[in-house]
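Colleague: Sequence:
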Amino acid sequence: MTDNMNRPQDYSKHNITKKLEKSHTIGNSFTDILSVFVMILVVGVISATAYYFVVEKKIFKRGEQQQLEQQVQNSESLLAAVDIELVRLENENQQLKLYNEKVSEENMINEKEFAIYKNIGESYRADLDRTQANLKNTTIEKDRLRGMLNKNMEREKILLKEKNISQIANEENIKQKLQYKKLAVDNNNLKQQLVKEKQMTKLTQEQSSELSRQSREYAKYQSVFFKSISEALIHEDKIRPVGDRFVIPTDVIFKEGEFSIESSARPQLVKIAEIIINMEKTIPDNVKWVVRIDGHSDIVPVMTNQVYKDNRELSYLRAEAVVRFLEGQGVSPKRVVPTGFGENYPILNTQDREKMRVNRRIEIRLTSPY
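Start counting the sequence shown at 0; every next residue gets the next number (numbering that gives the first Met the number 0).
Simulated from the structure, these hints should not be mistaken for lab results.
What follows is a list of derived Cβ distance ranges for each label pair:
no., residue 1, residue 2, range
1, Arg239, Asn277, 16 to 24 Å
2, Ile276, Arg239, 22 to 30 Å
3, Glu326, Val223, 18 to 26 Å
Since the model is a prediction, treat every value here as computed from it, not as a measurement.
All C-beta atoms in this analysis are idealised placements derived from N, C-alpha and C, irrespective of residue type, glycine included.
Please build the complete structure, drawing on both the sequences and the hints.
Modeller: Below, the structure is given as structure tokens:
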């Protein structure tokens, strides 16, 4: 902005100075011409004076006279040249006067322009001074506002820090309250759990007592059932007790690979049905019991043309056939349950086909339905 304001003023000064220098140069040229002219005039005067001096004294000889005449001629020629030069210089002087007048007019115009540009420059300078003063004031105000802003920011940081501390304290307080509440809930839950555990302990004790009682009753009725079957089948050599159950080889009841009961096995199964019916009358209703009929087989694979797909299915079909027969003799369906284990629980682990026949069996035992 400063360069733009100073440019008009500098430009006018340069033009005026240049024109003044040109005018001064022309004046100096004219002075030099006048000096030459004066010198020539002086030479001419001296020559003429010498001539008249020699003539009057009549002291020169003829050769010297000719030389003087030649000098006179030269002086006359020089005077003629001087006259011509004077005419030329007069013309040039007239032109210089006209040019000086023109330069004077231009100088006056340039001085006016210079005054105008000077005023403009001074105006721009004043504007620049005002602008710089305003800028300085603005900078001072900006620094003051920045200082206030920094103070406010520091104050806000302090307030925010205090707020964060307060918030953290509140959060800690809330956390403590929540922890106290959680502890209270946990204590209440523990109390309830303790009550439940006491109830469960009491119930477990009652159930244990009941189970113990039922176990004693089961043992008693199992003993009765075991004794009754033993007496009924005392003459059957192949039917033997094993632990708490009776084991009947499958070849006593079924043909090999079949699950239809042989007629020769029906009398023994009828006796077992009568014993179960008698047990239904003997055992109280509050005692839960069933007679489980378990079917087992050996590991010999079944033939592919059978209606069953494997030994486990065959063992189940045989157990179910026994259950159906007992139900046909009057046994309640809720007292007999068929199961099939296949070859999974052998009596004897062997690869001998003859010895593994013992694993093909039907087991009968009185037990809990649960």
